[in-house]
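Protein chains: 2
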Amino acid sequence: MPRRFKSLMEESERKRDSRIVLALDVVDEDPERILLKSMSIIDRVNEYICAIKINFHLILPLGLFGGVRKILERARELGLPTIADCKANDIGSTNRLIAENYFRAGFDALIANPFVGWEDGLQPIFEVADKMERGVILLTYMSHKASSEGYGQNVYEAISGKIRPQYVIFAEKSLLWGADGVIVGATYPERIRGIYNILGDSVPIYSPGVGAQGGDIRMAVLSGSRYLIVGRSIIEADDPSKSARSIRDIVNEARKSD
Amino acid sequence: MPRRFKSLMEESERKRDSRIVLALDVVDEDPERILLKSMSIIDRVNEYICAIKINFHLILPLGLFGGVRKILERARELGLPTIADCKANDIGSTNRLIAENYFRAGFDALIANPFVGWEDGLQPIFEVADKMERGVILLTYMSHKASSEGYGQNVYEAISGKIRPQYVIFAEKSLLWGADGVIVGATYPERIRGIYNILGDSVPIYSPGVGAQGGDIRMAVLSGSRYLIVGRSIIEADDPSKSARSIRDIVNEARKSD
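In order, the protein sequence lines correspond to chains A and B. Plus 1 on top of the position in the first sequence (first one is 1) and you've got this note's numbering. Plus 1 on top of the position in the second sequence (first one is 1) and you've got this note's numbering.
None of these hints come from the bench; they were simulated from the model. The reader is advised that the hints may include incorrect statements.
Any copy will do: because identical chains look the same in the list, a pair fits if it lies in one copy or spans two.
[Claimed, not checked] Using 25 angstroms as the maximum straight-line C-alpha spacing, the simulated DMTMM-like pairs for lysine to aspartate or glutamate come out as follows:
{"no.": "1", "residue 1": "Lys71", "residue 2": "Glu173"}
{"no.": "2", "residue 1": "Lys163", "residue 2": "Glu150"}
{"no.": "3", "residue 1": "Lys71", "residue 2": "Asp31"}
{"no.": "4", "residue 1": "Lys257", "residue 2": "Glu134"}
{"no.": "5", "residue 1": "Lys174", "residue 2": "Glu78"}
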């Protein structure tokens with residue numbers, strides 16, 4: 002049973018002709034200024050993005066039910082889906098509480114780490130998502146340098162006697178568990194391709210890591226990324242609006258040549 | 002270079018003759034009541050515990066710089082070290098910000114997941130911990146049912162041609178990276194033993210999962226756990242003070258027979 006989140010994203014994508022997810026990672030010493038800057042950036046770039054991803058950059062200084070909720074309300078007014086990048090990886094009872102809190106605050110989806118497994122691990126998150134009609138996106142290959150240490154390691158499966166990459170196992174679990182999306186770093190286009198070969202169009206790939214982290218947008222799109230997660234290249238630009246539009250256009254151009 | 006946190010824990014342990022870390026996982030619909038209950042439990046059990054662990058049960062509804070900071074202040078007044086159970090598993094720049102926020106709020110240590118690896122992964126957390134003189138505790142084998150899916154899987158290492166359990170690799174990384182502690186579920190005493198054989202007394206083992214989750218205190222202690230993390234058995238007891246004292250005594254008895 003597909004959850005509502007995937008169609009919410011597709012709708013937003015069509016409406017704004019954009020596959021850019023804004024990573025709202027605003028950094029400032031003063032929480033008040035973080036909130037003001039976040040609101041200002043949303044107002045300036047919202048017509049060029051299809052969703053907003055929020056992580057601990059905002060959650061820790063502003064509080065989930067403080068400043069973050071205000072931002073979520075603004076996103077909702079603008080019709081932009083929101084993703085909690087909390088990388089949940091706890092035991093079942095805590096994962097359940099984590100999901101309930103993020104969804105109650107207004108997030109449409111959250112990101113979790115499949116490394117914790119299913120029983121008494123991620124299962125409660127999927128249950129809460131089903132009940133509250135929200136989405137779950139799973140980490141499959143992260144964008145940073147040491148990603149190969151964990152996501153890229155080879156796992157020996159005693160039952161089959163096979164050796165398979167961790168990210169392949171995670172991609173298969175994403176299908177099995179009914180995830181609404183997976184994260185694969187734009188910095189590793191060959192991994193995007195490998196994971197896309199497993200998932201096809203049934204579980205969309207979200208790719209962070211373009212711009213500041215060095216990933217190439219065109220390569221990511223051609224390799225199978227559906228959504229590009231962009232933070233610093235927009236937020237730290239002199240003109241965030243212009244930057245968002247230009248990145249949106251590069252993605253759309255790359256899609257045409259796909 | 003050992004950080005200050007390990008000696009802070011040893012001091013607290015000696016002073017109170019306790020190896021119990023209270024998992025302050027208070028659940029309530031109303032944030033005000035969560036704060037009041039948390040304060041009340043600390044006041045009632047503080048003489049029988051050696052530290053307090055706080056996770057998203059409090060961080061999400063109360064806010065890190067709201068209610069959580071008040072609890073951290075109370076813990077400091079009582080001379081109890083505090084651990085942020087945030088299970089950090091992000092990219093380097095976000096991990097750095099996560100550590101800075103938790104430590105600035107007053108936490109003495111945080112928990113991170115070694116699965117993200119070192120470069121541009123956990124390295125910045127260790128750097129911030131060094132600079133601010135705080136501790137880092139790494140997940141090595143969690144207490145829940147599906148723990149075997151990730152922490153218990155077998156990893157094939159191409160260079161050596163060896164197949165080794167994930168938790169052994171994590172334990173070795175804890176030594177290599179200079180962690181101040183590791184988490185190993187009390188529900189898996191044979192894993193505690195295996196990890197203790199690698200770490201000896203140089204990296205203390207913290208074990209959650211006794212009580213509600215079914216782990217046996219005596220078995221955990223005899224297998225090598227130094228600190229027992231206890232939540233529901235104390236918090237949900239009719240008399241939290243009596244329960245904390247009794248669990249403290251069971252741990253101390255088990256140590257004697259070790």
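Within, between, both or neither: Lys257, Glu134 at alpha-carbon 25 angstroms = neither (32 angstroms within a copy, 52 angstroms between copies)
Since the copies are identical, ignore which copy is meant and state whether Lys71 and Glu173 lie within 25 angstroms (CA to CA) inside a copy, between copies, both or neither.
-> neither (36 angstroms within a copy, 44 angstroms between copies)
For Lys174 vs Glu78, is the C-alpha pair at or below 25 angstroms within one copy, between two copies, both, or neither?
-> neither (34 angstroms within a copy, 46 angstroms between copies)
Have a look at Lys163 and Glu150 and pick one of within, between, both or neither, based on CA distance no larger than 25 angstroms.
-> both (19 angstroms within a copy, 16 angstroms between copies)
Given a CA cutoff of 25 angstroms, do Lys71 and Asp31 count as a within-copy pair, a between-copy pair, both, or neither?
-> both (17 angstroms within a copy, 19 angstroms between copies)
Comparing the model with each numbered hint stated earlier shows that hints 1, 4, 5 do not hold.
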